[in-house]
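Number of protein chains: 2
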Amino acid sequence: MLQSWLPVPPDSDFSIYNLPFGIFSDERPARVGMAIGNWVVDLAAAYALNMFPQYPEAGNAFRKAALNDVMVLGRGFSEYVRKIIQTALCDHQSDLRQLADHLLIPQEKVRMHMPVKVGNYTDFYSSEEHAFSVGQLFRPDNPLFPNWKHLPVAYHGRASSIVVSGTPIIRPSGQTGQPDGTPAFKQTRALDYELELAFVIGKDSVIGQPISVEAAEDYIFGTLLLNDWSARDIQRWEYQPLGPFTSKNFASGVSPWVVTWEALQHFRVPAPAQHPEPFPYLTHHPLQNFDLSLSVSIKPEGSEEFQICQTNASGIYWTAAQQIAHHTITGCNLQTGDLLATGTISGSGISQKGCLLEATLNGTKPVKLGEGIERRFLEDHDEVIMRGFGQRGDIRVGFGELRGKILPALS
Amino acid sequence: MLQSWLPVPPDSDFSIYNLPFGIFSDERPARVGMAIGNWVVDLAAAYALNMFPQYPEAGNAFRKAALNDVMVLGRGFSEYVRKIIQTALCDHQSDLRQLADHLLIPQEKVRMHMPVKVGNYTDFYSSEEHAFSVGQLFRPDNPLFPNWKHLPVAYHGRASSIVVSGTPIIRPSGQTGQPDGTPAFKQTRALDYELELAFVIGKDSVIGQPISVEAAEDYIFGTLLLNDWSARDIQRWEYQPLGPFTSKNFASGVSPWVVTWEALQHFRVPAPAQHPEPFPYLTHHPLQNFDLSLSVSIKPEGSEEFQICQTNASGIYWTAAQQIAHHTITGCNLQTGDLLATGTISGSGISQKGCLLEATLNGTKPVKLGEGIERRFLEDHDEVIMRGFGQRGDIRVGFGELRGKILPALS
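So the sequences go chain by chain: A and B.
For the first sequence, our numbering assigns the number -10 to the initial residue and increments by one for each residue that follows.
For the second sequence, our numbering assigns the number -10 to the initial residue and increments by one for each residue that follows.
Where hints are given, some of them may not hold.
It does not matter which identical chain is meant; a pair holds if it fits inside one copy or across any two.
[As the list claims (entries may be wrong)] Capping the alpha-carbon separation at 27 angstroms, the derived lysine-lysine pairs in DSS-like fashion look like this: (1) K394 to K175; (2) K106 to K72; (3) K72 to K192; (4) K53 to K192; (5) K138 to K175; (6) K53 to K106; (7) K192 to K106.
No wet-lab data here; the hints were simulated from the structure.
Make a model of the complete structure from these sequences and hints.
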């Protein structure tokens, strides 16, 4: 076991094994940092002290307000930086310790920013439990479309409106269908969250050249929690025939710290078996996911928070490697900074559902939060809090919190 | 009538009234230029000669390999630059004429690049003739979905794979459905083009704040031709329930010169009347489109080219202003460099169809190109050429050509 001289609470998401990258600011401009316990290591300041001598040209990458330039330097670079910091955190004589006043900043004193400049955001539909439950609500006899077990269904989401944890969400207004088949224009009455993981692409691919499923994981820099905010009543009216648009493009939230691909490796587990066997371009063995506990809580205004969902990423049907291989099979290129999200992650039990659409059976069966508090969909001033972590023995690696509070609609 | 000292062929798309912006390179790196006749004005060199004294800080914007930094300076800036160049082209004593050897480069000697770094690409479905014909192929009794006349249907497309005219397109392979309901993995046998216009967004909007339909046109910098390449057999299998994905994300082509919003103003015409009247957030009067002739030709390998479509942008149902208002109604923000495309532009006649899916009734009625040459969908080595221009009296403003040639599938 590694042991840092800096005290890290045992339940911290940011253990010595995690060391995620993020963008923070204090009285000085936004720059690259690394989380450890309740602290941020200022990597721009560490670079200025020559702590990364093997990469003498990397200084500018740490002074940017997005991780893209760090990612462009490759996983070899980010791993090198993590190793340097990990070693320094365990070495009682290290420069990092001697200069801790200069290099370590309490997390409570910084503001976190969007970690990545997102070029393209793709949202998959990879959890069978989710696809089945949602399908069952609208097509009881035929919940999964015929294509679902043959390819990872996905759509292109909106990149411009991806916001970091803590950004408030204004309740959207838009067109919804009415029972008589005509639309109404009004505030959404079916505002929902979707609990997802997002893989951050750290390497460009070439247009016209599919990425093989074997090489796919090389393109992943790390992982975030993602909340794909959705207005279900608007979605239902608009989505035919080209998919969701204004019902989802108003905002998606992400957690601020990118957990690196290497930090996730402690938590590999077998993914569900796939029947039928997919086409060769999607076939790889072993099929693996990550054993990550995920939860959603709702905190009504003036109240404590109530956990409403507790699930796990291990059961996702289509793996990250398969998502990448499918995304590029016709020749689409990936770019550094792209996000590929899993889609809502749900388990089979009602308390394992990653969105209210499923947990309340489309608003027909409210979930009880606490004494006298129930929800069909989100209400104004509700705050949604997503969390996720892996734990193997004493090794704990987590995402921190992804928070978003609903503000009333514009008048 | 304005008259330039530089000879401009009367049928040139790049008249003294057009002066579009683009990105070109010769032996020196890519930078900003303006088209006039068969020439490019090197705006970076013109800036260095102090031709734009009201914007002393604008030089860097002209030395970039994308127009985004020019657009960020506002339409006031781009209009100022066009006026300076237009005046200099009409003034026989101008510096531009004295230094023509230095400032003007023949178009045949330059390479054109992607004009804009595209952050987000949205594709609408705004031509009623197109939506109706396509709907009729698959749902004869119910061609238009109930939402179609109430909102401009759209989906988020893929920004990373937008390529400039001249970029070859590799025939994609992917999953297609078979008559027995199972998929096959093979080269697409239904490769198609889609004739569209794309509006280039030149100004950021604020997340959470819808853009009013009255203010919407202020966000448009200019317009491009766009070819939304599509693999129909892949699309049919994958699109439910979230819309097209790998069937379209392999490439979209754009013309290299951005025709400015101001240059388009000569061609305003009334748009089709809308029944039912849309919601107030989509209502503006007068409803206006642009009278732009658009055509598609196919040039088989070793053959001359054959024009297969001749249509006009004046009949588009949903206007650009309505597209912007709808895109942002739930709070989605627009960013400088975003593209909003119209969707396929079709007229009612069979020779006015903007894609082969319509022109051949889904491949069932081949179109005759020339003696013994017909097409159901595109064949390898076919080159697709799109053109578009407006003409009012002697004033002609065009886009130049958008070309793309099909290469055989990867083995």
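How would you label the pair K394, K175 (within, between, both, or neither) given a Cα cut-off of 27 angstroms?
within (20 angstroms within a copy, 47 angstroms between copies)
Alpha-carbon proximity context of K138 and K175, limit 27 angstroms:
Between. Shortest inter-copy distance 18 angstroms satisfies the 27 angstroms Cα cut-off; intra-copy 37 angstroms does not.
As a check of your reading, is K72 near K192 (CA-CA no more than 27 angstroms) within one copy, between copies, both or neither?
within (21 angstroms within a copy, 42 angstroms between copies)
Is the C-alpha distance from K192 to K106 at most 27 angstroms within one copy, between copies, in both cases, or in neither?
Result: close both inside a copy and across copies, 14 angstroms intra and 18 angstroms inter.
Given identical chains, is K53 near K192, meaning Cα to Cα at most 27 angstroms, within a copy, between copies, both, or neither?
both (18 angstroms within a copy, 23 angstroms between copies)
When no copy is named, should K53 and K106 be tagged within, between, both, or neither for a Cα gap of at most 27 angstroms?
Answer is both: 11 angstroms inside a copy and 19 angstroms across each meet the 27 angstroms cutoff.
For K106 vs K72, is the C-alpha pair at or below 27 angstroms within one copy, between two copies, both, or neither?
within (25 angstroms within a copy, 35 angstroms between copies)
In the structure shown, no violation is registered for any of the earlier numbered hints.
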